[in-house]
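Residue numbers (this note's numbering), protein chains in the order written: chain A, 1 to 107; chain B, 1 to 205.
Ranges of calculated distance between the beta carbons of each label pair, as one might list FRET restraints:
| # | chain 1 | residue 1 | chain 2 | residue 2 | range |
| --- | --- | --- | --- | --- | --- |
| 1 | B | His128 | A | Ala62 | 37 to 47 Å |
| 2 | B | Gly105 | A | Tyr95 | 47 to 57 Å |
| 3 | A | Val31 | B | Pro48 | 29 to 39 Å |
| 4 | B | Ser127 | A | Ala87 | 40 to 50 Å |
| 5 | A | Ser24 | B | His128 | 29 to 39 Å |
| 6 | A | Glu10 | B | Glu60 | 49 to 59 Å |
| 7 | B | Phe97 | A | Arg16 | 14 to 24 Å |
Covered by chain B, per the in silico footprint, the following chain A stretches (three or more residues, Cβ under 8 Å):
| # | segment |
| --- | --- |
| 8 | 44-56 |
| 9 | 78-91 |
Mimicking BS3-like on lysine-lysine, the simulated pairs with C-alpha atoms at most 30 Å apart in a straight line are:
| # | chain 1 | residue 1 | chain 2 | residue 2 |
| --- | --- | --- | --- | --- |
| 10 | A | Lys13 | B | Lys175 |
| 11 | B | Lys171 | A | Lys13 |
| 12 | A | Lys12 | B | Lys175 |
| 13 | B | Lys171 | A | Lys12 |
To be clear, the hints were calculated from the coordinates, so they are not data collected in a lab.
Everything numeric in this text was worked out from a predicted model, so none of it was measured.
Glycine included, each C-beta is placed from N, C-alpha and C at the ideal position.
So the chains spell out like this:
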Amino acid sequence: MSDTGHSIEEIKKHVRVYMFVFASLAVLTVVTVVVGYLELPFAPALIVALLIATVKAGLVAAYFMHLVSEEQIVRWLVWLSLGLLLAMFLILSVYYVDQGGTEIFGF
Amino acid sequence: MQIPFTVAPRPDTGVNNAKLGVWLFLASEVMLFGGLFSAYIFLRIGAPEWPGMVGGHAYERASDILNVPLATLNTMVLIGSSVTMVMSWASLAMQRFDRYRLYMGATIALGFVFLVVKAFEYGEKFSHGYLPAENNFLAIYFVLTGLHGLHVIGGILVNMYFMWPGARMWKTDPKRFTNRIEIAGLYWHFVDLVWIFLFPTIYLL
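One chain only, chain A, in its complex shape:
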């Protein structure tokens, strides 16, 4: 066992996963740029960009930040912060539309 509570073999397995994640992130970055050059209209371009970015961010958070094997309390903290962020965004959206904003959200 190493000092971190993981066996050396376990860490070696982690390293293989890190390399796979690295390759996936590089490929997804290229995909992001290619999609960018397609010059899609704003709404679909935004959705595709955020979708790819979310997958990339998920890979970084799950494997590099070890969320996949992290304690429940940390995972709850992450979900809480994302929930609060979404709540803030929705409140601002309602306010924005209320102020005679735009029909971008379809309401």
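For this one, chain A is given, so just place chain B on it according to the hints.
Okay, now just chain B, sitting in the frame of chain A:
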């Protein structure tokens, strides 16, 4: 006074205090960047044209003003630095301090490469007189990428501390030092994560 639970997990949370503290800090960072990101989205959808008038020309796409190849390079640099950061932790976990030094050095170097590329980008804008006061697009571009750049500088300083003076702890308390590198990594990966969202939404849309 001894700070409790710096290495051993706290029985009630299941994680050590240092890790929980950094995660709490990152949760607040989500709100900081998320708030600014929301501001960007509302400024953008409320604007009749985006990026709009810059330097007397009407632009239709951000990629006509911003340097996409340089930003793509920077994205790869930051992703690469995340890998070297996690490898520096893995090296310590495998008792390979020599490799830790190598990977941490690479992480710091890649951080500097990111900043140098960013400086070229900013310099290009400044030379054309494109400053934050020009319009909403440039204001939000400089605020978001500037704040992110400050986070990169902060991360480099922390990593440099652990590369040199802070590395002495490896001899006295290797387990605690390995924990420190893991949580310094959490911050560094978060900085990478923010860029993953900034790059496509600011440069490519």
